[in-house]
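Q: Single-letter residue listing:
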Amino acid sequence: MHEDMRTLLNAFLDGELHGTRLQELKRHLASCESCRDELKDLRLVSGLLQADPLPEFMPAERFASNLTLSLPRRTSRDLPPKPGSMVWWLVPVGLLGAWFFVQTVFLLANWITAAQTTGLLGQAATWLGGGPQTLWFAAMTSFSGTHLGRLQNTLSLLNQLDIFGVNLLTGFLWQALIVLLYWGWLSVWWLRGRPRPMKNANAS
Amino acid sequence: MVQSQALEAETGLVEQAQHGDRNAFGELVLRHYPGVVQVVYRLCGDTALAEDMAQETFLRAWINLTSFHPQSSLRNWLYRIAVNAALDVLRRKPDETLEDEAAQMIIDHAAGPETVLIEKERAGQLHQAMRSLPEAARSVLVLREYGGLSYQEIASVLDVPVGTVMSRLNYARNRLRELLKAQLPQMENEYA
Chain A
1 MHEDMRTLLN
11 AFLDGELHGT
21 RLQELKRHLA
31 SCESCRDELK
41 DLRLVSGLLQ
51 ADPLPEFMPA
61 ERFASNLTLS
71 LPRRTSRDLP
81 PKPGSMVWWL
91 VPVGLLGAWF
101 FVQTVFLLAN
111 WITAAQTTGL
121 LGQAATWLGG
131 GPQTLWFAAM
141 TSFSGTHLGR
151 LQNTLSLLNQ
161 LDIFGVNLLT
171 GFLWQALIVL
181 LYWGWLSVWW
191 LRGRPRPMKN
201 ANAS
Chain B
1 MVQSQALEAE
11 TGLVEQAQHG
21 DRNAFGELVL
31 RHYPGVVQVV
41 YRLCGDTALA
51 EDMAQETFLR
61 AWINLTSFHP
71 QSSLRNWLYR
81 IAVNAALDVL
91 RRKPDETLED
101 EAAQMIIDHA
111 AGPETVLIEK
121 ERAGQLHQAM
131 RSLPEAARSV
141 LVLREYGGLS
151 YQEIASVLDV
161 PVGTVMSRLN
171 YARNRLRELL
181 KAQLPQMENE
191 YA
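These protein sequence lines map, in sequence, to chains A and B. With this note's numbering applied, the first sequence covers 1 to 204. With this note's numbering applied, the second sequence covers 1 to 192.
Just so you know, not all the hints are guaranteed correct.
Claimed, not checked - Here are the computed distance ranges between Cβ atoms for each label pair: (1) A:Val91 to B:Ala9: 29 to 35 Å; (2) A:Thr117 to B:Gln71: 42 to 48 Å; (3) A:Thr7 to B:Leu30: 37 to 43 Å; (4) B:Asp88 to A:His2: 37 to 43 Å; (5) B:Ala136 to A:Leu191: 28 to 34 Å; (6) A:Trp190 to B:Leu7: 21 to 27 Å; (7) A:Ala30 to B:Glu135: 14 to 20 Å; (8) A:Met86 to B:Leu7: 28 to 34 Å; (9) A:Ser187 to B:Glu135: 32 to 38 Å; (10) B:Gln71 to A:Met86: 35 to 41 Å; (11) A:Glu3 to B:Leu7: 51 to 57 Å; (12) A:Glu3 to B:Asp21: 50 to 56 Å; (13) A:Leu191 to B:Asn23: 54 to 60 Å.
If you're looking for bench data, these hints aren't it; they were derived computationally from the structure. Model, not experiment: these values are computed from the prediction. Note that the Cβ used here is the ideal one computed from N, Cα and C, for glycine as well.
Can you build the whole structure from these sequences, using the hints too?
A: Right, dumping it as structure tokens:
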């Protein structure tokens with residue numbers, strides 16, 4: 001009991017003791033002379049430390065002006081990205097758009113492939129071209145007519161690159177990549193939004 | 001009310017400094033230099049070294065300012081950098097802290113040669129006792145006695161549990177109590 005109370009003397013001295021512990025210690029101090037003596041000594045030690053004079057340091061104004069002159073230049077790379085900026089918010093919008101695009105392409109491709117296989121398209125299947133790879137592209141360009149303009153060129157390029165082939169694994173990988181990028185953005189957004197723990201502030 | 005306004009103003013200055021505004025950073029330096037230089041001085045016991053460490057602290061703060069969240073306590077963040085900077089230097093140059101003539105000059109201004117002698121002796125013993133403490137215990141004691149931080153803040157600055165802060169502080173004060181036993185009755189008479 002006595003030893004337990006002794007360990008609380010510093011916290012009591014610093015005003016860091018509250019509630020029942022504080023009441024317990026007060027009761028103990030009323031009956032324990034040795035703890036009262038120790039508390040008195042601790043108070044004197046604290047007083048001794050506080051009474052130790054400080055030397056004269058360089059005036060704050062001079063220190064600050066000297067320091068600001070010697071600060072290294074900050075490049076734009078060091079600047080924090082502004083979470084409120086247009087570019088910042090375009091990232092998730094772009095990713096959602098990409099996900100929507102990929103999803104649409106795969107749905108269309110699968111639908112057309114299935115329709116062609118089962119003969120639902122009949123004669124119409126002939127204008128869709130040869131392999132399944134070009135099905136989605138042919139369908140999109142046919143349905144959209146000539147209004148696609150530059151987008152048509154892009155679609156054509158993607159088609160030639162064979163990146164949206166009718167393949168479940170490829171489709172899954174593309175969607176997984178988009179989801180991962182989106183989670184990455186969310187993590188950065190969350191990390192920037194919460195108070196930084198002091199550990200991260202360790203600049204040593 | 002006034003405190004929250006000051007905190008708001010400081011948050012604004014931090015944000016400006018984060019975007020490269022040197023004047024805003026200079027204003028922050030003006031505000032926090034006295035606290036930082038005192039903490040590092042109490043850790044190392046040398047005036048010139050303390051000023052160098054304070055400079056090192058603010059340079060590190062400037063370089064890493066973009067990683068600081070403006071809603072956090074800048075003072076605590078700076079203290080953390082200061083303690084780390086001071087401990088880095090002390091580990092590299094442990095002999096740098098033995099004598100500090102500038103600190104003794106302050107005592108010379110006090111009246112009476114006998115008082116001066118007593119004060120010098122007292123300050124010397126105190127500094128010697130402080131230096132004999134392990135770095136971990138000394139850091140906690142300095143942040144509490146001179147930084148005015150709460151146990152929770154010290155725990156956050158040093159990245160240790162509050163219980164560790166309490167045990168280190170117990171150790172530090174009890175050790176000083178043993179080492180300065182001779183001075184305590186004298187202190188008691190002065191307080192009486």
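Q: Against each hint, give a clear statement of whether it holds in the structure.
A: Evaluation of the provided hints:
1. Take valine 91 (chain A) and alanine 9 (chain B): their Cβ atoms lie about 32 Å apart, and the range 29 to 35 Å holds.
2. Restraint check, threonine 117 (chain A) to glutamine 71 (chain B): a C-beta distance of roughly 59 Å breaks the suggested window 42 to 48 Å.
3. Between threonine 7 (chain A) and leucine 30 (chain B) the beta carbon distance is about 40 Å. The supplied range of 37 to 43 Å therefore holds.
4. One distance hint, 37 to 43 Å for the beta-carbon pair aspartate 88 (chain B) and histidine 2 (chain A), holds here, with the actual separation near 41 Å.
5. Take alanine 136 (chain B) and leucine 191 (chain A): their Cβ atoms lie about 30 Å apart, and the range 28 to 34 Å holds.
6. A beta carbon spacing of about 24 Å between tryptophan 190 (chain A) and leucine 7 (chain B) agrees with the range 21 to 27 Å that was offered as a hint.
7. At roughly 38 Å, the beta-carbon separation of alanine 30 (chain A) and glutamate 135 (chain B) lies outside the given 14 to 20 Å, and the hint is violated.
8. Separated by about 30 Å at the C-beta atoms, methionine 86 (chain A) and leucine 7 (chain B) satisfy the suggested range of 28 to 34 Å.
9. The hinted window of 32 to 38 Å between serine 187 (chain A) and glutamate 135 (chain B) holds, with their beta carbons roughly 36 Å apart.
10. Between glutamine 71 (chain B) and methionine 86 (chain A) the C-beta distance comes to about 24 Å, which lies outside the given range of 35 to 41 Å.
11. Judged by the Cβ atoms, the range 51 to 57 Å given for glutamate 3 (chain A) and leucine 7 (chain B) is violated: they are separated by roughly 41 Å.
12. Taken as a hint, the range 50 to 56 Å holds for the pair glutamate 3 (chain A) and aspartate 21 (chain B), whose Cβ atoms sit roughly 54 Å apart.
13. The hinted range of 54 to 60 Å is not satisfied by leucine 191 (chain A) and asparagine 23 (chain B), whose Cβ atoms lie roughly 29 Å apart.
The structure fails hints 2, 7, 10, 11 and 13 (numbered hints given earlier, in ascending order).
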